[in-house]
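There are 2 protein chains.
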Amino acid sequence: MKIAVDIFGGDHSPVETVKGAVLALGADKDLKLVLTGDKGVIESELKKYSYDAARVETVDAPEVISCDESPTSAIRVKKNSSLVVACELLKSRDDIDGMVSAGSTGAVLAGSIFKVGRLKGVQRPALAPVLPTLKGSDVCLVDCGANVDCKPEYLVQFALMGVSYMRAVYGIVNPRVALVSVGVEDEKGNELTKEAFARLKALDINFVGNMEARDALTGDYDVLVADGFVGNVLLKTAEGTAKMVMKLVKNAVMSSTLSKIGALFMKKSLRKVKDDMDYNKKGGAPLLGIDKVVVKAHGSSNAESFAVAIAQAAKMAEGGLTADIKNELAKVVASDNAQA
Amino acid sequence: MKIAVDIFGGDHSPVETVKGAVLALGADKDLKLVLTGDKGVIESELKKYSYDAARVETVDAPEVISCDESPTSAIRVKKNSSLVVACELLKSRDDIDGMVSAGSTGAVLAGSIFKVGRLKGVQRPALAPVLPTLKGSDVCLVDCGANVDCKPEYLVQFALMGVSYMRAVYGIVNPRVALVSVGVEDEKGNELTKEAFARLKALDINFVGNMEARDALTGDYDVLVADGFVGNVLLKTAEGTAKMVMKLVKNAVMSSTLSKIGALFMKKSLRKVKDDMDYNKKGGAPLLGIDKVVVKAHGSSNAESFAVAIAQAAKMAEGGLTADIKNELAKVVASDNAQA
Numbered sequence: 002m003k004i005a006v007d008i009f010g011g012d013h014s015p016v017e018t019v020k021g022a023v024l025a026l027g028a029d030k031d032l033k034l035v036l037t038g039d040k041g042v043i044e045s046e047l048k049k050y051s052y053d054a055a056r057v058e059t060v061d062a063p064e065v066i067s068c069d070e071s072p073t074s075a076i077r078v079k080k081n082s083s084l085v086v087a088c089e090l091l092k093s094r095d096d097i098d099g100m101v102s103a104g105s106t107g108a109v110l111a112g113s114i115f116k117v118g119r120l121k122g123v124q125r126p127a128l129a130p131v132l133p134t135l136k137g138s139d140v141c142l143v144d145c146g147a148n149v150d151c152k153p154e155y156l157v158q159f160a161l162m163g164v165s166y167m168r169a170v171y172g173i174v175n176p177r178v179a180l181v182s183v184g185v186e187d188e189k190g191n192e193l194t195k196e197a198f199a200r201l202k203a204l205d206i207n208f209v210g211n212m213e214a215r216d217a218l219t220g221d222y223d224v225l226v227a228d229g230f231v232g233n234v235l236l237k238t239a240e241g242t243a244k245m246v247m248k249l250v251k252n253a254v255m256s257s258t259l260s261k262i263g264a265l266f267m268k269k270s271l272r273k274v275k276d277d278m279d280y281n282k283k284g285g286a287p288l289l290g291i292d293k294v295v296v297k298a299h300g301s302s303n304a305e306s307f308a309v310a311i312a313q314a315a316k317m318a319e320g321g322l323t324a325d326i327k328n329e330l331a332k333v334v335a336s337d338n339a340q341a
Numbered sequence: 002m003k004i005a006v007d008i009f010g011g012d013h014s015p016v017e018t019v020k021g022a023v024l025a026l027g028a029d030k031d032l033k034l035v036l037t038g039d040k041g042v043i044e045s046e047l048k049k050y051s052y053d054a055a056r057v058e059t060v061d062a063p064e065v066i067s068c069d070e071s072p073t074s075a076i077r078v079k080k081n082s083s084l085v086v087a088c089e090l091l092k093s094r095d096d097i098d099g100m101v102s103a104g105s106t107g108a109v110l111a112g113s114i115f116k117v118g119r120l121k122g123v124q125r126p127a128l129a130p131v132l133p134t135l136k137g138s139d140v141c142l143v144d145c146g147a148n149v150d151c152k153p154e155y156l157v158q159f160a161l162m163g164v165s166y167m168r169a170v171y172g173i174v175n176p177r178v179a180l181v182s183v184g185v186e187d188e189k190g191n192e193l194t195k196e197a198f199a200r201l202k203a204l205d206i207n208f209v210g211n212m213e214a215r216d217a218l219t220g221d222y223d224v225l226v227a228d229g230f231v232g233n234v235l236l237k238t239a240e241g242t243a244k245m246v247m248k249l250v251k252n253a254v255m256s257s258t259l260s261k262i263g264a265l266f267m268k269k270s271l272r273k274v275k276d277d278m279d280y281n282k283k284g285g286a287p288l289l290g291i292d293k294v295v296v297k298a299h300g301s302s303n304a305e306s307f308a309v310a311i312a313q314a315a316k317m318a319e320g321g322l323t324a325d326i327k328n329e330l331a332k333v334v335a336s337d338n339a340q341a
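In the order they appear, the protein sequences are chains G and P. Just so we're on the same page, the working numbering is the position in the first sequence counted from 1, plus 1. Just so we're on the same page, the working numbering is the position in the second sequence counted from 1, plus 1.
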């Protein structure tokens, strides 16, 4: 697999992104990378490490898109930015299978949609991060913010793309799909989800029905479907609440000498909980529905998580994700024909 | 204050609801209660306790609305149910200031709206539970499920009712209001919230702007505004995630002998965290925008939390909540006039 890597995106680029690329190369002997960004800077960063130079190509792209810029206009204007060049390489070169960027979500979305293009038949590409669950399994949430205003048919496509993703990358044969709603009963929901519910039920997928958000992380589901606004609220609430509870635990522990003594014995266990909850360690969020594999790494990625995101992109490409999404989307047409 | 209490709602009625009523009477010497439900059963439950009988009235209402029934038809058909009778007493008797029920949310909503009626000018009454925050303060979330499909003007009214509530019951002079969105920037949001944002900004309230859901429980806000679908997802995600993290902490602790020893020292501290996070202990969710005070107690209420819900209803009535909401709603008219 060959992956294009935007070296100048994210809070810790280029130091951590270059280091992450080197780590990814070390972890997978078949991986090849094309690094985009200021060639001089990339090469001087690369000099810090020993790595298999035969598997690394560098493409000069000295411009950088900042987080403050309007994503759509930045993509149009900064033709020599590390992100746009990575997108164009992905689009034009058959030997490149995927792309990773830790740039701003808006810019990665705009670059992927306008420069790489949507997969045929996809109405709206969607961000699908994978979250940790109580059972230790992973659950994919589509969409978590790419589309804040949705139609029912978008939600149907989100479900199908989520199914493909969990199959291609996690090897789950028949992923359990749930629709995020305000109750588990079939009739619960708003106008959007009620219509989506009826359509999802008609499809040949493992649709288990409506789910209450309190059960999102139980591990009983593999794919959670929501419009991007609701998905974003779910993702961010889970993140904020987990941090808050861990903080409260810490405060409670520090409030008494007895507890402090207890905490000395528990340090390792509590750190494990923090690690288990850290969805940043799960790599990035794939942008599903683009013509080739795209992974949006977290803006705060360090070298380790950036390497995970690169490995994830390679795995998505190896798993034949885009072809699988095409097959899944064909189910909607089949279902529509059956109903007609 | 005199509060009507639906004794036959909730999972633990009538035992815990009657006990809760007695606890509430004991805690507030000025409180009077009108208990509705099967008179014989209520009186035999009351016999278990010593209480000031002069402050308790019982009204016979032998029918019970179950959770499985369609709320709207149950309210229409079961005229002698404890809930409908409580609603009708609240509507018809000037000496009754509020009502508490632990019945199903749908039934309490339907009973309040159709039997008691909306406050003049209110388009959609809303459920507004109060949640714990990291700073120890409380934050009110309007709406958390009464209205799953909203127009921008509903969100504006939710904000104003939330402001009234936090002022009347929590004594916060100028509550900080935030709109739940997908980013903090002014332009972030979906069609609904963008329009609501513009309207909220034009009002004479302490509107601090958009908020990301990860900051919902930081304690930096007093009122969070969302449509009922999004509010419900936020509330349930926070609840589910808090439970999950506490469970992970417990699992981690039990996984090693060292940790178990540590936990013995920390038991009290960890229990405090669990208590701090338990929004059931905060009483019930007020239904804002009804012509008189209504509190929906949790279905799983025990005597203690049911007593808190009754005290909360009394406090809402004492604080002049309904009159204050009327004043707040007038601000919209004032703002519309100023813009015209």
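In short, the hints are calculated from the structure, not lab data. Hints should not be assumed to be uniformly reliable.
Identical chains share a label here; the pair holds if one copy fits it or two copies do between them.
Simulated crosslink set (DSSO-like; lysine-lysine; CA at most 27 Å straight-line) [what the hints assert, rightly or not]: (1) K121 - K3; (2) K283 - K273; (3) K48 - K248; (4) K40 - K30; (5) K195 - K269; (6) K261 - K136; (7) K189 - K80; (8) K244 - K189; (9) K275 - K30; (10) K248 - K268; (11) K121 - K327; (12) K268 - K244; (13) K92 - K136; (14) K152 - K121; (15) K269 - K152; (16) K261 - K202; (17) K136 - K244; (18) K3 - K136.
State the violated hints by number, sorted upward, taking the hints as numbered earlier in the document. Of the numbered hints given earlier, those the structure breaks are 3, 5, 9, 13, 15, 16, 18, listed in rising order.
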